[in-house]
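Chemist: Residues per chain are reported as follows:
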Amino acid sequence: MRRTLLGCAVVAMYLAELCSAQEVHVPALVSAGNETAISTTGSGKATLYLSGPGISSKTEINLGEKFILHSEDVRNAGEYVTIVCTDVCRSAVFHVRPSKPAYLTFLVHPSRVPVGQGDAVSGVALPFDEFHNLVLDRVKVSFQSTAGDLRILSQSVLTQDGVGWFRAASGKSAGKLQIVATVDSLSSVRAVQQVASDPCNLRTKAHRTPKGVDIETEPVRDCSGNLVPDGTIVTFSAAGPGGRNTVDAPIKQGIARAHIQTPGSLVISAASGTVMGNEVRLGEQP
Amino acid sequence: MNQLFRIVVFVAVLVAGTISLKAADSSVKIQLDTNKSGPRAVESRTEQAIMRDYGTAWTMMARALEFNTIEPLEGSFVGAARTWLNDSVAGQQRAGLTSNYREQNHKLRVLFYAPEGDVIELRDTADFQLQIMDGAKVIYSEHVVRHYTVLMTPGADRWIVRQLQAHPEF
Chain A
1 MRRTLLGCAV VAMYLAELCS AQEVHVPALV SAGNETAIST TGSGKATLYL SGPGISSKTE
61 INLGEKFILH SEDVRNAGEY VTIVCTDVCR SAVFHVRPSK PAYLTFLVHP SRVPVGQGDA
121 VSGVALPFDE FHNLVLDRVK VSFQSTAGDL RILSQSVLTQ DGVGWFRAAS GKSAGKLQIV
181 ATVDSLSSVR AVQQVASDPC NLRTKAHRTP KGVDIETEPV RDCSGNLVPD GTIVTFSAAG
241 PGGRNTVDAP IKQGIARAHI QTPGSLVISA ASGTVMGNEV RLGEQP
Chain B
1 MNQLFRIVVF VAVLVAGTIS LKAADSSVKI QLDTNKSGPR AVESRTEQAI MRDYGTAWTM
61 MARALEFNTI EPLEGSFVGA ARTWLNDSVA GQQRAGLTSN YREQNHKLRV LFYAPEGDVI
121 ELRDTADFQL QIMDGAKVIY SEHVVRHYTV LMTPGADRWI VRQLQAHPEF
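Heads up: the sequence lines are chains A and B, in that order.
For the first sequence, the positions run 1 to 286 when our numbering is used.
For the second sequence, the positions run 1 to 170 when our numbering is used.
Calculated from the structure, these hints are not laboratory results.
Fair warning: there could be bad hints in the mix.
Quick look at which bits of chain A chain B covers, simulated, 3 or more residues with Cβ under 8 Å [to be verified]:
| id | stretch |
| --- | --- |
| 1 | 55 to 63 |
| 2 | 89 to 102 |
| 3 | 130 to 138 |
| 4 | 163 to 172 |
| 5 | 236 to 242 |
Ideal Cβ placement from N, Cα and C applies to all residues, glycine included.
Just chain A, same shape as in the assembly:
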């Protein structure tokens, strides 16, 4: 009987000690970079550990006193574990959520695009707070694109899981396409170079010289009237009694030029990509 009573007393003392052990109270949710506090119950010395994204610390504290977490302690969004140890350790978990948008990451593709292409340009905007946490609350992102004074795109979307995006056709004119993403007072600008699309038609002219035949195209344009970029290859062919001669020439300032040394009557043609030009017939050299 005495033993049983003694046993009960020991258990009661143990339970009492457990019950009187420190408790840890943490904030429910903290906004990134906002000072907050952890409170404990009990009395005496203890060790407080904080483990979270970007922080691992160990501090001696007095139980019952508030422990301040400074702005820099809670700048990263995520889960924080607070552990307070005396003879036993108690823990509590709290979360830090992203603050309001302070930066905008804006990815735009491609850097060069042919005019008149459907769904050819896309952009992705991701808002981050001042501590580089991805802002997951829905925010409105406005996308606007202009070519010169002409507005090509104006679209607003709400971010979903921290992402807002668009996809659009390229414009009609070669030149710089400026695309702006805006969230509140934040904006980010990107530029896409719109270049002429494939040649729409080829007009070729040729004339004999003492040393052969000079061939050149008229200014090569796409179907929207833009000059095809320099470097685009035009293939000239000259078919005559001696066979076929072919030469590739890059376009320079809209025009491709070539020289062919083939005697006799010739049929000259030109091609670039899938476009064939007119045929030019030259008689035999007098």
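Given chain A, put chain B in place with the hints provided.
Modeler: Coordinates of chain B only, in the frame set by chain A:
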């Protein structure tokens, strides 16, 4: 004799390292759901690469926080994720703490895959055994379930974690 002893120690460390690497790798289980991915579809090779590289990233993160060294983070993390992991390792070094992430399970779902494939956003419901040690003393040991939003971008030969952000719930 001394030379022989050094060789034996070197081989032992090498074998132990290999065993530990295999153990750590096998303890990270990854599942990836690409059913609702968009606007770009995730091709099967991309899916495999993401599972492989995300798993490697967690293995390396666990190793960095267990041994308090930032070297394992090289190549798997960049940007904000790399910064906070570096800070965590430095903080642990100062405080004499280590963290062990064991028995990891990651259920990933693709939230967004950019039209040009240059960024992917994932949601990870991760569960693992987390143990925090002060020297040799275990001060925290819990089975933890965490929800992460993850941004990964393609690098030269792998996908790299750029953002790893835990949230209370989805």
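Chemist: Give a verdict on every hint.
Modeler: Here's how the hints hold up against the structure:
no., hint, in the structure
1, 55 to 63, "holds (count 4)"
2, 89 to 102, "holds (count 5)"
3, 130 to 138, "holds (count 4)"
4, 163 to 172, "holds (count 3)"
5, 236 to 242, "violated (count 0)"
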